[in-house]
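Chemist: Listed here are the chains, written in short residue letters.
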Amino acid sequence: MSAPPRAVELGLVGCTVCGQVCRAPGPLAQAACPRCGAVLRRRKAGSLARSWAFLIAAFIFYIPANLLPIMRTVSLGDVDDNTILSGVVELWVKGSPDLAVIVFAASIMVPMLKFVVLATLLVCAQRRSRWAQVQRARLYRLVDLIGYWSMLDVFVVSLLTALVRFGFFSEVEPLPGVIYFGLTVILTMLASMSFDPRLTWDTDKDAP
Amino acid sequence: MDTSLQICEDCDTVHRRRPLSRGEVARCACCGAELDRHHGLGVNELLALVLTSGIVFVVANVWPIVTLGLNGQHVSARLWGVILAMWERGAPIVAVIAAATLFFFPALRMLLLGLVLVQARRGRRGAGFRPAMVALHYLRPWTMNEVFVLGTLVAIVKVRAYFEVATDPGLYGYVALMMLITVFSGVDLRRLWELAREPAA
Ligand SMILES: [Zn+2]
Chain A
1 MSAPPRAVEL GLVGCTVCGQ VCRAPGPLAQ AACPRCGAVL RRRKAGSLAR
51 SWAFLIAAFI FYIPANLLPI MRTVSLGDVD DNTILSGVVE LWVKGSPDLA
101 VIVFAASIMV PMLKFVVLAT LLVCAQRRSR WAQVQRARLY RLVDLIGYWS
151 MLDVFVVSLL TALVRFGFFS EVEPLPGVIY FGLTVILTML ASMSFDPRLT
201 WDTDKDAP
Chain B
1 MDTSLQICED CDTVHRRRPL SRGEVARCAC CGAELDRHHG LGVNELLALV
51 LTSGIVFVVA NVWPIVTLGL NGQHVSARLW GVILAMWERG APIVAVIAAA
101 TLFFFPALRM LLLGLVLVQA RRGRRGAGFR PAMVALHYLR PWTMNEVFVL
151 GTLVAIVKVR AYFEVATDPG LYGYVALMML ITVFSGVDLR RLWELAREPA
201 A
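Chains as they are written, first to last, in my numbering: chain A, 1 to 208; chain B, 1 to 201.
Be careful, since some hints might not be right.
Reference listing, derived: stretches of chain B covered by chain A, where coverage requires no fewer than 3 residues with Cβ under 8 Å from a Cβ of chain A [what the hints assert, rightly or not]:
#, stretch
1, 8-21
2, 24-32
3, 58-71
4, 78-85
5, 125-135
6, 147-161
What the hints contain is simulated information worked out from the structure, not anything from laboratory work. Where a beta carbon is used, it is the ideal one built from N, C-alpha and C, also for glycine.
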């Protein structure tokens, strides 16, 4: 099968909000989608710069999110500060190993995967690389789909904070790590939304 | 504007639209992204589902989610108890994130969905159709009820060693809401643009 035409070649542009196929405005001009009113652009504005900015900010927050404890449990005067990782270990030992694996995947593997995948996509898009385009497209969809599951531990801490308040018997308190973690998740989501997947296929070195 | 064409959002490849049979999914020949899938649910069915989601959402928010017991004392939590606890205990940012992704955005999404579906059913775009469709597009990634359900399960396992744990109707409401949201995620709302015609000027 011969390569199907791309919108740029036909002078068309797809509206990212409603999917409408529109006649492309001039190379620099901006137009509004006649159907939904969103700004029509060939590519998301400043996609690479914005995506890098969110990704780097997310990575900076990810460090305290993992090093600082996310919650404190006080039980009969016994104070115990938990990090993301120690929470996973505790769940593995005392609770159920299968849930520990899920929490580990959501809180540690998914954010790491997002950093590595998005950085790779951004570098390749900048170089207009033709390397593994189909796989890169697939990875982007995967990362976009699973990213928000990282919020899991943030919700666990919130629930425990609300539930465990038996006065001097025991108590759960949120610690700053959980705030950094929540912000990391939001920032990685913004980073992957800012990335324009169409850039993966813009390999023509002469194109603007 | 040519409605027989379709542009892949992931790679900008232009495709010709073709009718799909039951269960069929159209994928981009270039990058493999999903372009279109056969719609099993009509507007009436979707409207019924939105109504059900609304009821389930009320159940999930009015009844407690989990109750803990220790030495005859009992504590139960509702979603808003969880949000307020984070607000009061020094994590207001987390409280705002939770309130937005678990309450306000899902609620807004259901209201807007109801609005556009009612108009699609009449076959005419009324007031607010356009902004509602645009808002639905942007809201979609920011509802996290299904993550909250899994979080509740993890929290239950964590405290089971120290407390008696009982699950409450709110949790079942959330589980049902999670399943309904999953159904909606598979529905391409963009076809509502075609179902609801622009009123003649
Ligand atoms: Zn494609």
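Chemist: Hint numbers the structure violates, sorted upward?
Modeler: none
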